[in-house]
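Q: Each chain, written out:
2 protein chains.
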Amino acid sequence: MKYYAYENFKNDANALIQEIKEFNPQAIIGIARGGLTLSHALAEGLNIRDVQTIRTELYDAANKREELTICGRCSFGDVQRVLVVDDIADSGDTLKAVMNYLACGASEIEFKSATLFYKKTSVYEPHFWINEADDWIDFFWERDFKN
Amino acid sequence: MKYYAYENFKNDANALIQEIKEFNPQAIIGIARGGLTLSHALAEGLNIRDVQTIRTELYDAANKREELTICGRCSFGDVQRVLVVDDIADSGDTLKAVMNYLACGASEIEFKSATLFYKKTSVYEPHFWINEADDWIDFFWERDFKN
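Line order of the protein sequences matches chains A and B. Heads up: the first sequence begins at 1 in the working numbering, then just goes up one per residue. Heads up: the second sequence begins at 148 in the working numbering, then just goes up one per residue.
Treat the hints with caution; some may be incorrect.
[To be verified] Taking lysine-lysine pairs in the BS3-like style, the calculated list, with each CA pair at most 25 Å apart, reads:
1) Lys168/B to Lys157/B
2) Lys119/A to Lys21/A
3) Lys21/A to Lys146/A
4) Lys157/B to Lys266/B
5) Lys293/B to Lys21/A
6) Lys10/A to Lys120/A
7) Lys259/B to Lys146/A
8) Lys157/B to Lys2/A
9) Lys293/B to Lys112/A
10) Lys266/B to Lys10/A
11) Lys146/A to Lys168/B
12) Lys149/B to Lys10/A
13) Lys10/A to Lys157/B
14) Lys293/B to Lys146/A
None of these hints come from the bench; they were simulated from the model.
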């Protein structure tokens with residue numbers, strides 16, 4: 001398990017901003033909770049005010065396979081390019097489901113995705129990512145704040 | 148202007164978590180963009196998965212006074228206690244407008260607010276806050292990420 005400190009995050013988020021800026025997104029959808037701090041950083045760096053969130057829940061229906069449910073509604077007005085943000089594409093299930101869900105609801109909008117980490121075994125590869133993950137990542141936002 | 152570094156934030160967010168935990172909120176509404184990183188930290192520390200966002204826009208209607216518009220819809224299911232999060236109550240206009248807006252829409256829910264900073268001249272005082280602001284705060288999320 002590798003501690004991912006704020007200083008690493010700062011460098012990686014700035015590298016992502018350089019990758020993303022040609023896409024020129026007008027809105028950000030952050031996947032809660034993991035994508036929230038990165039959404040904030042990218043929104044500041046890319047000068048985007050419209051930041052919305054979405055989250056997924058795994059329901060373990062009795063005797064059925066687990067089902068991924070998407071919670072939250074996004075509204076885009078006349079926005080044409082939207083960046084979907086999460087911390088990591090690990091299994092890739094969340095991002096894949098969210099990207100499909102968004103594309104179904106708004107076919108005239110171009111959605112691209114960005115993460116800090118991407119695992120080669122993920123079923124989904126984000127458009128923009130910085131690090132390949134080969135270990136469990138101990139993100140500072142999961143470590144530094146305790147009840 | 149005072150630089151507010153991640154290390155300060157870490158300490159203050161943990162202090163906020165201690166203040167807030169008796170309220171035991173079930174969902175968080177982060178005010179974008181300023182409240183997003185704090186929303187993430189509080190959600191992790193308080194073990195809250197339901198994080199939503201709202202944002203405000205100032206429209207300068209010709210020859211009229213500026214008008215504060217609230218963008219974003221929140222949905223709460225059977226949630227009873229919601230924490231509204233922003234970085235600072237400065238003029239207090241944003242938080243006051245958001246709290247009024249939320250209270251109108253859902254009278255059966257208890258909303259409380261939390262910020263890192265509070266200015267004595269604010270028209271609204273958050274339920275939970277840590278520092279009194281007497282200078283302009285240069286938050287790390289506004290300084291560290293550049294296009």
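Q: Which numbered hints turn out to be false for this structure?
A: Failing hints, ascending: 3, 10, 14.
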